[in-house]
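Top line first, the protein sequences correspond to chains A and B. Residues 1 to 201 (this note's numbering) make up the first sequence, in order. Residues 1 to 129 (this note's numbering) make up the second sequence, in order.
None of these hints come from the bench; they were simulated from the model. Among the hints, a few may not be true.
Stated by the list, open to error - With a cut-off of at most 27 Å between alpha-carbon atoms, the simulated DSSO-like pairs for lysine-lysine come out as follows:
1. Lys200(A) with Lys107(A)
2. Lys200(A) with Lys119(B)
3. Lys66(B) with Lys121(A)
4. Lys107(A) with Lys119(B)
What the hints assert, rightly or not - Derived list of chain A stretches under chain B, where covered just means 3 residues or more per stretch with a C-beta under 8 Å from a C-beta of chain B:
5. 45 to 54
6. 99 to 112
7. 128 to 136
To be verified - Sample of chain B residues with no beta-carbon within 10 Å of chain A, all distances over it, derived:
8. Val13
9. Asp17
10. Arg54
Positions of the beta carbon are idealized from the N, C-alpha and C atoms, including for glycine.
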Amino acid sequence: MVVAVAEESRGADQARPWIDQARSDYWQLIDTEHRLEDLYNLVNVPQAIWIDEQGRIVRPPETAGSTDHFRRMDLTTRTMSPEDQAERLAARQAYMEAVRAWVTTGKHALPADAARMNLAKVTPEIAEARARFRLGVWLRANGRAAEGDLQMAEASRLYPESWSLWRQAADLDEVGKAGGPEFWKRVQALGEKPYYPPPKL
Amino acid sequence: MTRILTPLEEHDVATHDGLWMSPADAEAVTGWTLKPEGMCRAELCVPLPSSAARADEVDVAAFWQKLGGPVVASEQRDVWALGAPADERNAALEGLEAPDFTLPDVDGVPRSLSQLRGKKVFLATWASW
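All chains, full assembly: derive it from the sequences and hints.
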């Protein structure tokens, strides 16, 4: 069973066009407060968690089919080279194949120790960032945008590794800002660090 | 009234001087009950310093911080958020039991992960931004 969760503080109507286009027969859930990110310590989209029949995590949060090839795209035309497009597609297909193999044979499920080792630790700073983000979403939803933005900015300062916190806040400020010049500046500042760490399959 | 956001709920509560409130409201907000030995939930009691509890009220901000949870407030201090303690999140994840959640689907129907017990679940996030 696939469960797709839209981390979408603007709500269902913002997500609906993509959901309609997907014509999925699985659950399409809306997470306006990024509750799932709090529970599972997520930092970006798309990320996935694999959960077995007993409700146990067999692969902790990991990048789900995206790659860093976009970082080399031509920003004037917003296109990637054919080679990069092909590599990106191949990585996505490999991940999809891994998911299929897990469903049919159990392959790629991690033993408990390995699954635990791949978990990122929640720190008190991260916990505070989540609380401030929740407060920020509430303030924004109740007509107090400037106050909400202050809380969200503080959340990003406390947890700069979370792209979701920063990009959602940017999007709430203005649609498109999450992928605008400030986003690219942040991506470039990563240097050698990955934006989408590849899953260790 | 003060609006208090917990990880899963929202409450409107009468407070003063931060988050001092009646024991009944403290229980509704936190799930913990004020007793002579401290704030208690099931078998577990967390002692409170005398500065954080009186006979008829409790300082929920002080209690929550004692649990290790973040306490943040709006500038006007009329809306507060109590976040989940980091240790609680880590313990839950390290136990490897997938934390349950309930979220609305795109048509507003609530769906819970626990409804899918017995099936493999590929839980994936995405966003429009």
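Taking 8 Å as the Cβ threshold, is the statement that the stretch 99 to 112 of chain A is covered by chain B upheld or broken by the three-residue rule? Since 4 is at least three, the answer is holds.
Interface exclusion of Val13(B) relative to chain A, criterion Cβ beyond 10 Å: 15 Å, holds
Within 8 Å of chain B's CB atoms, at least three CB atoms from the stretch 45 to 54 of chain A: coverage verdict: As far as the stretch 45 to 54 of chain A goes, the hint holds, because 10 residues have Cβ atoms under 8 Å from chain B.
Within 27 Å, alpha carbon to alpha carbon, are Lys66(B) and Lys121(A)? Roughly 20 Å between the alpha carbons, so the hint for Lys66(B) and Lys121(A) holds.
Could you check that no beta carbon of chain A comes within 10 Å of the beta carbon of Arg54(B)? Holds, since 26 Å exceeds 10 Å.
Please work out if Lys200(A) and Lys119(B) have their alpha carbons no farther apart than 27 Å. 24 Å, holds
Annotated coverage of the stretch 128 to 136 of chain A by chain B, confirmed only when three residues or more have a Cβ within 8 Å: holds (count 6)
Given pair status - Lys107(A), Lys200(A), alpha carbons within 27 Å: Distance of about 13 Å is within 27 Å: holds.
Can we trust that Asp17(B) is non-interface, i.e. its beta-carbon lies farther than 10 Å from all of chain A? Label holds. Min Cβ-Cβ 20 Å, cutoff 10 Å.
Holds or violated: are the alpha carbons of Lys107(A) and Lys119(B) at most 27 Å from each other? The hint holds at about 16 Å.
When each numbered hint is compared with the structure, no violation occurs for any of them.
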